[in-house]
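Residue numbers (this note's numbering), protein chains in the order written: chain A, 102 to 350; chain B, 102 to 350; chain C, 102 to 350; chain D, 102 to 350; chain E, 102 to 350; chain F, 102 to 350.
Be a bit skeptical, because a hint or two may be false.
No copy is singled out in the list; a pair is fine if it fits within one copy or between any two copies.
Stated by the list, open to error - Dumping the calculated BS3-like pairs for lysine-lysine here, alpha-carbon to alpha-carbon at most 30 Å: (1) LYS329 - LYS126; (2) LYS165 - LYS261; (3) LYS322 - LYS261; (4) LYS329 - LYS165.
Calculated directly from the structure, the hints in this document are not laboratory data.
There are 6 protein chains.
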Amino acid sequence: MQRKILYIEPVVSNMAASWKEYLSKFISPETELEVTSLPEGPRHLEYYSYGSLVVPQLLKIIRKAERENFDGAIIGCFYDPGLREAREIAEQLVVTAPAEASMHIASTLGQRFSIIVTENKTVPLMRENVIKYGFLDHLASFRALGMGVLELQVDPEETKRRIVRAAEQAIEQDGAEVIILGCTIQFGFYQELQGTLRVPVIDVACAALNYAEFLIDLKDKHGWYFNKKNEYLPPPREEIEAWKLSELF
Amino acid sequence: MQRKILYIEPVVSNMAASWKEYLSKFISPETELEVTSLPEGPRHLEYYSYGSLVVPQLLKIIRKAERENFDGAIIGCFYDPGLREAREIAEQLVVTAPAEASMHIASTLGQRFSIIVTENKTVPLMRENVIKYGFLDHLASFRALGMGVLELQVDPEETKRRIVRAAEQAIEQDGAEVIILGCTIQFGFYQELQGTLRVPVIDVACAALNYAEFLIDLKDKHGWYFNKKNEYLPPPREEIEAWKLSELF
Amino acid sequence: MQRKILYIEPVVSNMAASWKEYLSKFISPETELEVTSLPEGPRHLEYYSYGSLVVPQLLKIIRKAERENFDGAIIGCFYDPGLREAREIAEQLVVTAPAEASMHIASTLGQRFSIIVTENKTVPLMRENVIKYGFLDHLASFRALGMGVLELQVDPEETKRRIVRAAEQAIEQDGAEVIILGCTIQFGFYQELQGTLRVPVIDVACAALNYAEFLIDLKDKHGWYFNKKNEYLPPPREEIEAWKLSELF
Amino acid sequence: MQRKILYIEPVVSNMAASWKEYLSKFISPETELEVTSLPEGPRHLEYYSYGSLVVPQLLKIIRKAERENFDGAIIGCFYDPGLREAREIAEQLVVTAPAEASMHIASTLGQRFSIIVTENKTVPLMRENVIKYGFLDHLASFRALGMGVLELQVDPEETKRRIVRAAEQAIEQDGAEVIILGCTIQFGFYQELQGTLRVPVIDVACAALNYAEFLIDLKDKHGWYFNKKNEYLPPPREEIEAWKLSELF
Amino acid sequence: MQRKILYIEPVVSNMAASWKEYLSKFISPETELEVTSLPEGPRHLEYYSYGSLVVPQLLKIIRKAERENFDGAIIGCFYDPGLREAREIAEQLVVTAPAEASMHIASTLGQRFSIIVTENKTVPLMRENVIKYGFLDHLASFRALGMGVLELQVDPEETKRRIVRAAEQAIEQDGAEVIILGCTIQFGFYQELQGTLRVPVIDVACAALNYAEFLIDLKDKHGWYFNKKNEYLPPPREEIEAWKLSELF
Amino acid sequence: MQRKILYIEPVVSNMAASWKEYLSKFISPETELEVTSLPEGPRHLEYYSYGSLVVPQLLKIIRKAERENFDGAIIGCFYDPGLREAREIAEQLVVTAPAEASMHIASTLGQRFSIIVTENKTVPLMRENVIKYGFLDHLASFRALGMGVLELQVDPEETKRRIVRAAEQAIEQDGAEVIILGCTIQFGFYQELQGTLRVPVIDVACAALNYAEFLIDLKDKHGWYFNKKNEYLPPPREEIEAWKLSELF
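Isolated chain A, as found in the complex (with noise of 0.2 Å):
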């Protein structure tokens, strides 16, 4: 079975062909990748309302996915933003996004999970994400960096000691079973890192590459896709001629 997923970085990057060559070592071998990013908008998405002004563009991205006959696609953000809106315009296409494929995984893997942050101004953001898909009780704690998104490549061996310090008070002080790398250093680091905790960390790009996979295996094999009578029914294509939103999206 041959499958097709596109990775949006749904921010404006020039990483795209870096993130194809790391997150090939990690597909099956008949899974065709692609990597794409976005043309114009922010470069990171630490604020609610840059998340917001992506999500017209990432939009248009799934739909031409779709049209190009991809199966999946994941929205490469630990925000997920967008997330439910693109499942829901998507007619065949598998959306996944690496807070839900992450944090699925860690609750198999273990009771409560750690997620390990930039800054403490995420924490809102992620943690309403935590509560939306479930896992509150499968929370042991957020831990915060105390740097910026972009301040992490300043120091990078500053900011692997914070790393490792932050993942070692969250099992020791807070209980952690697992760690999920909200935000990472390098490509790879989380075997780094995972090699010194023993214990499962969890890198959340790959966490989504390997989640999309898996829905689109669950889609082919058994036709389970999500709920499009109800939760995910996508609007009716009179509306959006009549009402000219093709233009926006």
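Position chains B, C, D, E and F against the provided structure of chain A, taking the given hints into account.
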């Protein structure tokens, strides 16, 4: 104390004048009310995706309202689209919305409330908001009419009958002490219904309007305003300029 | 619209005049404020039993306020003693109280709030109220000063230092976006603290005062009043007479 | 081990002798039971306000019982009025009440219980208690008879029919494994009902009585008594004297 | 990548060959599937006690599977008996089970799911699992057929009718977006039902099978495996030997 | 009323006589106590898998106890292994266990309790029980000693120091009103600790013993027994015979 409030219909609509006339009955003498709607886009927001399409336009209106020295803005839709985002970019402007406002009021007037909605399709969206605002324990039930928002006017008497029946079932079978009218048939209908049922019936647009006045007063008298140090910290101007985001919102 | 509000200190106190002067700074021009306290009983309510002792006297005051055509009454104690009972016997009078009012406001201004209290002894009482009003998911923490209410004035500077430290810990360690000042050191101190912390700091007496004005307006404009059909159905007059209950309250 | 227990009907009643006769069937041989009721006040507590009126009198009785060396006291009303207050002022006396006792028992005998009540009016009061004691996840439902407490005796056969029907619906439709009889028609009726339904049916007065015996034994054998260091720390005698509170309770 | 998976029917059964044939339709080409059942014990697990009887035998099979280099094992019963125990003794083997797997999938495909069960007797067992896995907020309802597991085949058409009706009620009355088929009538029936209802219908055996493949892939690609440092730390070999536990499992 | 109770150590142990001597101090004069332990298997249950290994043997003992006309049985391990299963197969026998019993008692004596455990490894197991019994809102914290159950006796004074420190932290930092001693160092140590801390300290074996007496009394006096119609309906004798299950338990 003078207050200037902008009521935003976050849809394309030709009802601005009617809304202004209706809502003006319920404002304080010191309040000046403007009503605006969107130049393009959907005419209702009964889809996740429609909701996300209007947020960038909505944020533009919020920013403009701030420049024009409005004290408050209301996002006039019961899904509260873009509420968190609007609060984040606001610097002085008080922003609120109907679901938030009506749930605070309803849970003060009685232990549990029911929400009358158009169709079951809207329940997952609203239920997430109920949980996000913390009122799940105060929710008696959702009751759906089985009609789309644009169908409400087709046979107004039938619509009224269905609303009355749904509200009565909520009271008698689900234990609702308060009814939130998530959809309505005509301006002022809540008062007719309230007379019939003899329990509080919340018109959500009115609730948002008066909650906005209340929040503006709290800001003026006490300096109580959204947390701007962390949760609603606005994006830095340098990023907005460097990334040309003001073209987007 | 004229409103007449009674602020009830539900304890024996000689502070009525001072409270009136202080609170009068924060009322609308249309509001007329009276302050009263109890003729006999305890001087603070830091015990469950003290709280229950004052309720019958409090209900007498509520009934009297109703006869004297007050529009609203505030039960000025952060445990909200007798709130449900007062609402039940009220026929037209709007009744509110500080804990309820401040939690509604705080949870609107930020995702989670912390409550600064005097001593750990008071936490179980308050925690029950947080749960009763539905805000447990919005509670970041309680932080206790380790001082009784009557000790707060012994060394005011030390008290202030403890309040500042407790609030800072709530923000930094517990993730509070808003501080509720469950105890205070002097009128208006919340503004000083708010200036220092740069997050909203809720003075609970002011919160109750303005929430009362808000609820009175909602009643006047929309007829929204406590559910009188079921939850707050008042006892029948025949029973009150036959059982001579009016001697009790 | 001898135990002396006081069963307090916290209302005006002429049933003390009947209660004593009935309850005496269920005590241990070592238990000596007294029953008392109030000299003045309401005859039932189906209103929030009635409940609060009786607490000061109730606390007087608690203090007297303590002086008379009772080992335990039961507040014989399913709203558990004044329970926390009574525990706080008690120094050696064990205090319990029917709602608390019956929910502990019921949740041990089956996963979820339903509570049969007189009227919907009483549900918000009781629901708060269910939440306060932590049993919301164990609550299958409330089922109301649609009759006031004083109407139960008007047509006893009709009342019985309604109770049976309510309990059957609770079992079949709501998944109740245990029935708590929040209201009853005659002494011992729970056993008749239990025979019919073949699930445990809890008589709440009996539950409180035997729970009191149990708690007294735990105190005698292990010194397990209410937390007197913090939560149930009694008010200081100096305050009670200085403020003449003993005239109040 | 080759994977070897063992599907364990944790009951005495003569269906192993049929299960193998059925499930083989849904595996990846790289997966090799074996099916086994128990040599002695009960034929269904609709009793708590039956469930506990099979766990030691099940753990023996798990240990044997590990020695035979299986990559994954599935405990093929919707009560997920022995899941935590099996994960604890596993050293390399991935273990999963139907309830866990189907709830993760269902809550991804829609906001709330209903579970169709045979009899009400099974609900308390399953409800505990729903809570344990964290999905109570995503549970719309249980709907019971009123038939034991061995009665399902007596009149297959009647059984089907009951399943269809239960699922329809779950969707229309309880707000289910997804149906989990906690019991079934014949291999592949979920697809027929899914066609009728037009919402996702989860066959729990298939869900577990594909979830096992997914978890095995995550282990192979990322080293993500159950927390072996704390929660699923296996018992020390010395104890197992010293206490001769390997005779027990 | 005579009662015969069997205390089962669900492990291999040579402590039966000591347990009998110790527990006999706390029984009623009418109670006759026997203590038994397992002939083979593990010596502690700090692993999920150990817990499951002992359940079939435990159920055999339960069945034997029933035949020998015991009135009650206690499963003497703080994980409450096999509690639901034992209740299901019981026909007249009352069964309880330490975690259940101590949480009911603790939550009656104060609002929130902390549980002192040996190692963090045990927390996920116990936390599931806290949730299952409905006491999560009453849980202040777990505090672990960082010692295995068999290490507790190595340096008894060090162990005591750690228990005292853990309990003090639970009270001061976590807000515990009651301490549950999930592990202990010697018979009767809870009383020493209770004297030091001046809050209730629950010895879980004693809690279970007295809770068993209480439940037996309720059964004798009121016929209140586990729901045998649905949740704890025992398996049919025909199945047990036909499938030769009595060889297994």
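Going down the list of hints, with the structure as the test:
1. LYS329 - LYS126: Close across copies (25 Å), not inside one copy (33 Å); limit 30 Å.
2. LYS165 - LYS261: neither (38 Å within a copy, 41 Å between copies)
3. LYS322 - LYS261: between (42 Å within a copy, 23 Å between copies)
4. LYS329 - LYS165: Close inside one copy (19 Å), not across copies (38 Å); limit 30 Å.
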